[in-house]
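Residues 1 to 472 (UniProt numbering) make up the sequence shown, in order.
FYI, nobody ran anything at the bench for these hints, they're computed from the structure. Any given hint could be a false lead.
Claimed, not checked - List of simulated lysine-lysine pairs, BS3-like, C-alpha gap at most 27 angstroms: (1) K251 <-> K121; (2) K122 <-> K241; (3) K130 <-> K118; (4) K78 <-> K121; (5) K241 <-> K78; (6) K241 <-> K118.
From a predicted model like this one, the values you see are computed outputs, not experimental measurements.
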Amino acid sequence: FLQESGTKRSKPVPRVAALASLLPPVKATSLKRIGQTLQRSVSFRNESRASTLPNPPPLPPPSSSSSSTMTTRRRDSKLWSETFDIRVGATLSPKEIKRQEAIFELAQGEQDLVEDLKLAKKAYHDPMLKLSIMTEQELNQIFGTLDSLIPLHEDLLSRLRDARKPDGTTENVGHILTGWLPCLSSYTPYCSNQVQAKALLDQKKQDRRVQDFLQRCLQSPFSRKLDLWNFLDIPRSRLVKYPLLLREILKHTPNDHLDRQHLEEAMLMVQSVVADINRRTGESECQHYKDRLLYSDEGRRHELIDRSKTLSCHGELKNNRGIKLHVFLFQDILVITRSVSLNSQPVSYQLCRQPIPIRQLDLEDVSDGEMRVGGSIRGAFSNNERTKNFFRVSCRSGSQLQTHCFQASDAFNKQQWINCIRQATEAAGEQTPQTERRTEPEPGEPTDSSEECQLSQMCPSIIITDCTSQKH
Numbered sequence: 001f002l003q004e005s006g007t008k009r010s011k012p013v014p015r016v017a018a019l020a021s022l023l024p025p026v027k028a029t030s031l032k033r034i035g036q037t038l039q040r041s042v043s044f045r046n047e048s049r050a051s052t053l054p055n056p057p058p059l060p061p062p063s064s065s066s067s068s069t070m071t072t073r074r075r076d077s078k079l080w081s082e083t084f085d086i087r088v089g090a091t092l093s094p095k096e097i098k099r100q101e102a103i104f105e106l107a108q109g110e111q112d113l114v115e116d117l118k119l120a121k122k123a124y125h126d127p128m129l130k131l132s133i134m135t136e137q138e139l140n141q142i143f144g145t146l147d148s149l150i151p152l153h154e155d156l157l158s159r160l161r162d163a164r165k166p167d168g169t170t171e172n173v174g175h176i177l178t179g180w181l182p183c184l185s186s187y188t189p190y191c192s193n194q195v196q197a198k199a200l201l202d203q204k205k206q207d208r209r210v211q212d213f214l215q216r217c218l219q220s221p222f223s224r225k226l227d228l229w230n231f232l233d234i235p236r237s238r239l240v241k242y243p244l245l246l247r248e249i250l251k252h253t254p255n256d257h258l259d260r261q262h263l264e265e266a267m268l269m270v271q272s273v274v275a276d277i278n279r280r281t282g283e284s285e286c287q288h289y290k291d292r293l294l295y296s297d298e299g300r301r302h303e304l305i306d307r308s309k310t311l312s313c314h315g316e317l318k319n320n321r322g323i324k325l326h327v328f329l330f331q332d333i334l335v336i337t338r339s340v341s342l343n344s345q346p347v348s349y350q351l352c353r354q355p356i357p358i359r360q361l362d363l364e365d366v367s368d369g370e371m372r373v374g375g376s377i378r379g380a381f382s383n384n385e386r387t388k389n390f391f392r393v394s395c396r397s398g399s400q401l402q403t404h405c406f407q408a409s410d411a412f413n414k415q416q417w418i419n420c421i422r423q424a425t426e427a428a429g430e431q432t433p434q435t436e437r438r439t440e441p442e443p444g445e446p447t448d449s450s451e452e453c454q455l456s457q458m459c460p461s462i463i464i465t466d467c468t469s470q471k472h
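Build the full structure now, drawing on both the sequences and the hints.
Encoded structure:
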């Protein structure tokens, strides 16, 4: 996706994945995950997917007159070879042309980013503050340190333009990048704030004035049919793209080129910076959800929750009675909760079963059609959706056996959960237990069906934060 064919003149601006409404489990420790977590939920991961807060009531559809004029604006996808004198390109080798295209894409992306960040402030932040649609404190929480990112990217754009020759070619960019990349540390507070920002934005969307303002913006041409969160998530999306952009430039830079060494140094720098921001963002997201846990029984508090620094995945699962639960897989412990919405407060998660330490957890796959659902045997109806995509986790402590049967929304999400649990088990120093296939718990084993859980509205999917497999 870093290079476009010469025949493709334009493309829609990609919809940024936000740490918001997710489809598959949400990743928490990676920027992509945050993107996915934020967009499925939320998680800087992401990368737009699942939201953990209830959606606001739908607005009435726009009138036919207004909807007919709502065409998604497209940004011109400018190529280096289309922007500058083609006669210059004729004197360059195909490899050098690809190198110039990659450098130009880097600069063009900076220009687009600066424009979008300024738009977010001018079209969203400032009007909402002036009209008192949100308080200054709320806007500061949602927009975070976005203002500080604008001059940072304006600086890189200026340096790249200064390095461009009159004929449009750029000889060296490595020294520019090695001098500029340390500035990306400014992303740490911005990305670390994204989970809280997304949660507050989703909460404020329940306010009719906020809904109306954001809907009007969405229908306006300037938004390109991107909502506010898309704009707020653009910096994270750009950040995770830098290693790809640099790799593309490096790929087309000859080994004997003077820029080669600087580019290799820049590549190591950007990977280190992104990894550090990843780690800090994952810790921030983990803390956000730890702070949202409610303990009706103090006996369910566990030191492994308090000590957790990362959140491997979390999201909605159903038990074998069809009751919705929100399950969190922290680095060393599995936590089963129900979501709770208290008035206009952010969603919280009340523990409804004893947390399971990863070292004591056994994982079992359950074949489709073999699960007992709602007290009746459904094994004969293997095509029934209610009996698909189950897996079981259990934990034995002395003579006590705790068993939970979980149903994922689809086969992909089920596999994501299984992968995440296996990875967590391995990371905890345990060999992943061999998958077994059982149709029912043993007599006398406690199951989810023994406890009634009245749940409030929750995010509709799982969010993966650390698993490496992704749905494409």
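Hint check:
Distance hint between K251 and K121 is unfulfilled; the C-alpha atoms sit about 36 angstroms from each other, more than 27 angstroms. Taking the CA atoms of K122 and K241, the gap is near 25 angstroms; set against the 27 angstroms cutoff, the hint holds. Simply put, K130 and K118 have alpha-carbon atoms about 17 angstroms apart, close enough for the 27 angstroms limit, and the pair holds. Between K78 and K121 the CA atoms are separated by roughly 25 angstroms; this keeps the pair inside 27 angstroms, and the hint holds.
About 18 angstroms separates the Cα atoms of K241 and K78, which keeps this hinted pair within 27 angstroms; it holds. For the given pair, K241 sits about 20 angstroms from K118 by alpha-carbon distance, which is consistent with the 27 angstroms threshold.
Consistency note: the structure conflicts with earlier hint 1 alone.
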